[in-house]
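S.K.: Here are the chains, one letter per residue:
Protein chains: 2
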Amino acid sequence: MELFYNENLHLNDESLNLGPDESRHLSKVLRKEVGEKIRVTNGHGLEWNGELISTDSRKATAKKKEAVLHQNKILPLHIAIAPTKSNDRLEWFLEKATEIGITEITPLVCYHSERKSIKPERINKILVRGLKQSVQYFLPKLNPMISFEEFMKSNHPQIKLLAHCQNGNKTPMHKLGNLNKEILIMIGPEGDFSNQEIKAALNNSFIEITLGVNRLRSETAGIVACSKVATLREISKTK
Amino acid sequence: MELFYNENLHLNDESLNLGPDESRHLSKVLRKEVGEKIRVTNGHGLEWNGELISTDSRKATAKKKEAVLHQNKILPLHIAIAPTKSNDRLEWFLEKATEIGITEITPLVCYHSERKSIKPERINKILVRGLKQSVQYFLPKLNPMISFEEFMKSNHPQIKLLAHCQNGNKTPMHKLGNLNKEILIMIGPEGDFSNQEIKAALNNSFIEITLGVNRLRSETAGIVACSKVATLREISKTK
Chain W
1 MELFYNENLH
11 LNDESLNLGP
21 DESRHLSKVL
31 RKEVGEKIRV
41 TNGHGLEWNG
51 ELISTDSRKA
61 TAKKKEAVLH
71 QNKILPLHIA
81 IAPTKSNDRL
91 EWFLEKATEI
101 GITEITPLVC
111 YHSERKSIKP
121 ERINKILVRG
131 LKQSVQYFLP
141 KLNPMISFEE
151 FMKSNHPQIK
161 LLAHCQNGNK
171 TPMHKLGNLN
181 KEILIMIGPE
191 GDFSNQEIKA
201 ALNNSFIEIT
211 LGVNRLRSET
221 AGIVACSKVA
231 TLREISKTK
Chain U
1 MELFYNENLH
11 LNDESLNLGP
21 DESRHLSKVL
31 RKEVGEKIRV
41 TNGHGLEWNG
51 ELISTDSRKA
61 TAKKKEAVLH
71 QNKILPLHIA
81 IAPTKSNDRL
91 EWFLEKATEI
101 GITEITPLVC
111 YHSERKSIKP
121 ERINKILVRG
131 LKQSVQYFLP
141 KLNPMISFEE
151 FMKSNHPQIK
161 LLAHCQNGNK
171 TPMHKLGNLN
181 KEILIMIGPE
191 GDFSNQEIKA
201 ALNNSFIEIT
211 LGVNRLRSET
221 AGIVACSKVA
231 TLREISKTK
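Sequence lines, in order, name chains W and U. Yeah, the first sequence ends on 239 if you go by my numbering, and it's all consecutive. Yeah, the second sequence ends on 239 if you go by my numbering, and it's all consecutive.
Treat the hints with caution; some may be incorrect.
With a Cα cut of at most 20 Å, we get these calculated EDC-like pairs of lysine to aspartate or glutamate [stated by the list, open to error]: (1) W:Lys28 <-> U:Glu190; (2) W:Lys28 <-> U:Glu114; (3) W:Lys175 <-> U:Glu234; (4) W:Lys125 <-> W:Glu14; (5) W:Lys132 <-> U:Asp192; (6) U:Lys64 <-> U:Glu121; (7) W:Lys125 <-> U:Asp88; (8) U:Lys132 <-> W:Asp192.
Don't read these hints as lab results, they were simulated from the structure. Because the structure is a prediction, the values reported are computed rather than measured.
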């Protein structure tokens with residue numbers, strides 16, 4: 001069943017008016033009818049199941065059947081990435097990372113960054129799209145854009161990784177040991193991190209990682225990093 | 001260094017005229033000058049290193065410095081996928097799959113397919129783009145589009161896997177054992193494989209796999225499958 005999104009929905013809400021975008025989608029694309037069931041989340045763990053009492057294409061309405069607040073058991077994965085010059089490539093990364101599983105995103109401004117601003121509302125829309133598509137109940141947290149230097153001064157988890165294209169003493173991710181803790185991975189811009197940035201990260205105890213033998217575009221590196229973490233966590237869970 | 005592509009280039013060619021697209025890119029975007037080095041592949045293992053003797057934006061020319069024919073040591077990974085309705089999503093998959101590492105692609109027409117034709121020239125351009133970006137010397141092989149039924153009758157490797165969204169007796173990929181052989185993975189269309197198709201594949205000894213806990217879009221499933229195979233092969237190599 002499709003998942004709808006309403007950020008203001010609460011566990012105790014007895015009824016819900018869907019916004020214009022979702023109402024139109026529900027009535028015109030999915031052709032839902034009165035009496036049909038819908039599932040809605042607020043992106044904070046809520047799974048709210050309701051029954052449609054109106055399919056108005058501007059303001060569809062549902063009444064609650066049952067609702068549950070899921071516990072967040074997702075292992076944290078934070079990707080700090082310099083947004084690509086192309087908006088499409090950035091959005092593709094955000095959608096896929098959300099589908100595969102990511103809990104936090106920090107857009108970075110690096111020395112070689114061509115993009116120095118983002119549109120948080122637009123990014124949130126993409127995250128919501130990925131969330132609904134993959135039927136999850138926790139929306140990744142989007143942090144404000146921050147310069148590499150400022151980001152170096154913030155608090156980081158114990159496992160902090162750096163993916164860059166220069167030569168270096170790089171560890172394959174499956175050699176990192178236990179990944180069932182909070183992980184932060186930094187991915188550079190199209191022109192890569194500068195030598196100074198790499199040095200600063202290493203001084204800050206970041207570990208250089210390799211994502212495989214091929215040279216990957218920035219957004220591909222981001223997706224491969226998410227997928228590798230998911231795979232390695234799956235393996236350790238079933239051992 | 002950037003990699004250029006010329007499908008007709010041969011190990012013994014002493015000089016090379018680049019086509020109009022690459023000549024323009026080389027002279028106008030990369031602003032290469034006479035005397036600079038360029039690296040070119042034919043997608044069949046050739047690494048041809050030359051020096052520019054003309055940077056004409058319609059017909060740049062290079063003379064050979066050295067050339068080597070690489071042996072193909074890439075473990076085969078064949079993805080048979082029902083192309084997504086959106087061309088963009090199909091092209092994203094093709095570019096990323098090439099970057100991460102894929103050796104063969106078969107576009108499938110399934111019962112729920114909305115797209116029943118493709119443009120092989122356009123797809124080849126995307127594959128070449130992924131190849132150049134990731135600096136590889138072997139272009140993935142693109143097979144003609146084929147119906148699911150016909151594909152079931154063709155020869156398949158020993159490891160043949162099926163990724164679908166229905167319930168089933170699914171194996172996580174890391175439980176499949178040795179993946180250092182030819183692998184074929186089938187990925188369904190947006191509406192998934194039909195029950196009859198799933199049954200036919202199982203009768204044909206395909207193994208049902210899971211790609212993780214979240215429901216993935218068709219093109220995301222394709223990318224995650226490529227990335228998982230790459231990760232699991234890396235792990236087995238370093239054991």
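S.K.: Does the structure break any of the earlier hints, and which numbers would those be?
M.R.: Going through the list in order, the structure violates hints 4, 6 and respects the others.
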